[in-house]
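Enquirer: These are the residues of each chain, in order.
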Amino acid sequence: MKTQHLAPYVGHRYRHGAWLAGGLATALVLLLSVTTSDAGAAPVLRRSDAEALRLLRNAGGAVLATPYEGTQFISTWSDVEGDTRATTSLIRVTHTPGQGTYIEVRRTTADPGRGTYEPDSGKARGGLTGFTLKMLDLMARNYAVVRAGEDSVCGRPAHVVEARRPDGSPAGRFWIDHATGLMLHRELLDGQGRAISITGFYDIRIGQPKPQVHEVQTVAAPWGHELASADLGFLRSDGWTVPESLPGHLQLYDARQADRGGVVHLGYSDGLSAVSVFVQRGALDSHRFSRWRKIDTRGRTVYEHNALQRWAVWDSDDYVYTVLADAPQGTADAVIAALPHGGTGFWGRLGRGLKRLGSWLNPFE
Amino acid sequence: MSHLGDRLTALVDGELGHDERDRVLAHLAACDQCRAEADAQRRFKQRLRSLGDAAPSPELLTRLYAMGEPGGPIPPRARPMPGAAKPPVVARPSAHRPARTSGAGGAGARPARRGLKSGGVGVGHRAGHGAGPGHDVAPDRKAGRRLPRMRYLAVGAAALAVFGVGAAGFVVGGDRGQLPRVAPALDQFAVEHALTTGDVPVTDRDPAEEATTRP
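Protein chains in written order, with this note's numbering: chain A, 1 to 365; chain B, 366 to 580.
These are calculated hints, taken from the structure and not from any lab test.
All values derive from a computational prediction rather than experimental measurement.
For each residue, glycine too, the CB sits at the ideal point set by N, CA and C.
Do not rely on the hints blindly, as some may be mistaken.
[Said to hold, decoys possible] Computed footprint of chain B on chain A; a stretch qualifies when at least three of its residues, placed anywhere within it, have a C-beta under 8 angstroms from a C-beta of chain B:
#1 157 to 170
#2 229 to 240
[To be verified] Far from chain A, some chain B residues (derived; all Cβ distances over 12 angstroms):
#3 Arg388
#4 Ala394
#5 Phe409
#6 Arg546
#7 Val547
#8 Glu557
#9 His558
#10 Thr562
#11 Val565
[As the list claims (entries may be wrong)] Pair ranges (Cβ atoms, derived):
#12 Gly529(B) - Asp190(A): 50 to 60 angstroms
#13 Gly529(B) - Ala338(A): 35 to 45 angstroms
#14 Leu357(A) - Ala522(B): 11 to 21 angstroms
#15 Gly529(B) - Ala337(A): 38 to 48 angstroms
#16 Ala548(B) - Ala228(A): 44 to 54 angstroms
#17 Gly191(A) - Ala548(B): 56 to 66 angstroms
#18 Ala522(B) - Ala228(A): 46 to 56 angstroms
#19 Asp285(A) - Leu525(B): 33 to 43 angstroms
#20 Gly191(A) - Gly529(B): 50 to 60 angstroms
#21 Leu361(A) - Leu544(B): 37 to 47 angstroms
#22 Gly529(B) - Ser290(A): 12 to 22 angstroms
#23 Pro166(A) - Leu544(B): 17 to 27 angstroms
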């Protein structure tokens, strides 16, 4: 009997619970739908395609394992005083596996150019792909790397791989040879889809190349003294400017020092764009740059030259900065603006003078 | 002495209860001494009430205002030298304040200082050696003046030295002649950049030369 009396009450409570659960579920669904629609409005980086990343990773190995010879072109577009100017160079490339790559850069077909030789035993492992493995990691972090269909370059079937921004627009595009895995063509694109730089073969032959008879300059490896984080900390405490990151999601991924001259090379990249900042102590000998474009940045003169690559040179606070950018113009400008452009200042000048006075008075120095 | 004690004061102030007041009034009717005491207290209270509306005299106000004005320099603090006699204690002005008379010493004069200057009170008066005012004060002041002068001199010399070194450092620091004049090795930088980015080492021409030769 008690159960019969209680049953309606329990059922009533259950009905309340069901309503409550249903309400909560509806609210959750609504919340999810709102969140999802917001996520659609704000760009979210899609995940990279593992096969696309594998194709790019293998391209670095294929360029060392494959015998080939061909002619590449490099075209770069830059804005100079409001005009968009294109600069193109031709490069004769021949590679013999186990030996090295002969590279001859010509401005025109009639230009004999100058050659360099990059041995396979060297530590340079980019292999003309336009990125290193460290940069590929950054690319996967900053872009969605996906396969974007099939195409052909110089009559050779190729996979097309795209690196896409969070809004879906392509920032980089790569054509990779079906048969060998070689990088046949690559493009760097700006936010409007315009090409910033293109490097690609316009003729290529797979097979043992003819032996080179020209005398060339051998380029074995980048500067040997790699700088660890402790070295960078010491440089910072000594007054050097060593940013961990620069505008445009550029991360410091490589730091080296020349064996002579004390020049520090800081390499920044977001995976596609690459910016090198060379820092050395001293005052700029500006006579050599008198024909470069002079830009006034925060009261200091920056000497710029935009051609095949974007160059900028200036001095600040007893250091000379040289920026070499393979990046969109806006990114290069932002990088230059983010680096020091000040005079020594009162305290800097005073500190330098006191240090100098101390060195004069110190008999052991 | 009243027989009623505090109750008499309470009666004058009107603070007694009904029964108590009757008992006190009955006592006053029979006791001349207490009645006279009560009359005296009432008169005193009336005077006090009449004083409540009195405004301070302008002279008093002037003197009070004068006390708030800035005074002269603080007398130097004497530091006893080893073996020297204990410096005399400066008397507090209130201890030897002369009797104030209307208009004495001028309205703006401060009693304590006037006492020291006059020699009739203060240090000289307290020492009581009969040598006259200032006899005890002068050596104390001289010692007090000599030490701060040396201190000021030392501080001034130190400040001058710091300023001199700073100025020399600033002047020397302005000379950038010792900094090496740097012409960045652009061709080497281009190769280094290419090798660390997997790009083609473009070393066809020095960009500086290129810019120079371009029409």
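Enquirer: The structure should be examined with respect to each hint, and the outcome stated for every one.
Expert: How the hints compare with the structure:
Restraint check on the stretch 157 to 170 of chain A versus chain B: 0 residues with Cβ-Cβ distances below 8 angstroms, three needed, restraint violated. Coverage of the stretch 229 to 240 of chain A by chain B is violated in this model, with 0 residues showing a Cβ closer than 8 angstroms to a Cβ of that chain against a need of three. Every CB of chain A lies more than 12 angstroms from the CB of Arg388(B), the least distance being 80 angstroms, so the non-interface label holds. The claim that Ala394(B) lies off the interface holds: its Cβ sits roughly 90 angstroms from the closest Cβ of chain A, which is beyond the 12 angstroms cut-off.
With a minimum CB-CB distance of about 77 angstroms to chain A, Phe409(B) clears the 12 angstroms threshold, and the non-interface call stands. Separation of Arg546(B) from chain A is inadequate, the least Cβ-Cβ distance of about 4 angstroms not exceeding the 12 angstroms criterion. Consistency note on Val547(B): stated as away from chain A, yet its beta-carbon is not over 12 angstroms from all of that chain's, at 4 angstroms minimum. Not every CB of chain A is more than 12 angstroms from the CB of Glu557(B) (nearest about 6 angstroms), against its label as outside the interface.
The non-interface label for His558(B) is inconsistent with chain A: the shortest C-beta to C-beta separation is roughly 4 angstroms, within 12 angstroms. Here Thr562(B) does not stay apart from chain A, with its beta-carbon only about 4 angstroms from theirs, under the 12 angstroms limit. Listed as a non-interface residue, Val565(B) fails to keep its Cβ farther than 12 angstroms from every Cβ of chain A; the least gap is roughly 6 angstroms. Range check, Gly529(B) to Asp190(A): about 58 angstroms between beta-carbon atoms, so the 50 to 60 angstroms window is met.
With their beta carbons about 40 angstroms apart, Gly529(B) and Ala338(A) fall inside the hinted range of 35 to 45 angstroms. Checked against the given bound of 11 to 21 angstroms, the beta carbons of Leu357(A) and Ala522(B), roughly 19 angstroms apart, stay inside it. The supplied range of 38 to 48 angstroms is met by Gly529(B) and Ala337(A), whose beta-carbon atoms lie about 40 angstroms from each other. In this structure the supplied range 44 to 54 angstroms is violated for Ala548(B) paired with Ala228(A), their Cβ-Cβ distance being about 29 angstroms.
A beta carbon spacing of about 36 angstroms between Gly191(A) and Ala548(B) contradicts the range 56 to 66 angstroms that was offered as a hint. At roughly 50 angstroms, the beta-carbon separation of Ala522(B) and Ala228(A) lies within the given 46 to 56 angstroms, and the hint holds. Evaluation of the 33 to 43 angstroms hint for Asp285(A) and Leu525(B) yields a pass: the beta carbon distance comes to about 40 angstroms. Checked against the hint of 50 to 60 angstroms, the C-beta distance between Gly191(A) and Gly529(B) comes to roughly 58 angstroms, which is consistent with it.
Checked against the hint of 37 to 47 angstroms, the C-beta distance between Leu361(A) and Leu544(B) comes to roughly 21 angstroms, which is inconsistent with it. The hinted window of 12 to 22 angstroms between Gly529(B) and Ser290(A) is violated, with their beta carbons roughly 41 angstroms apart. Roughly 45 angstroms separates the CB atoms of Pro166(A) and Leu544(B), a value that falls outside the hinted 17 to 27 angstroms.
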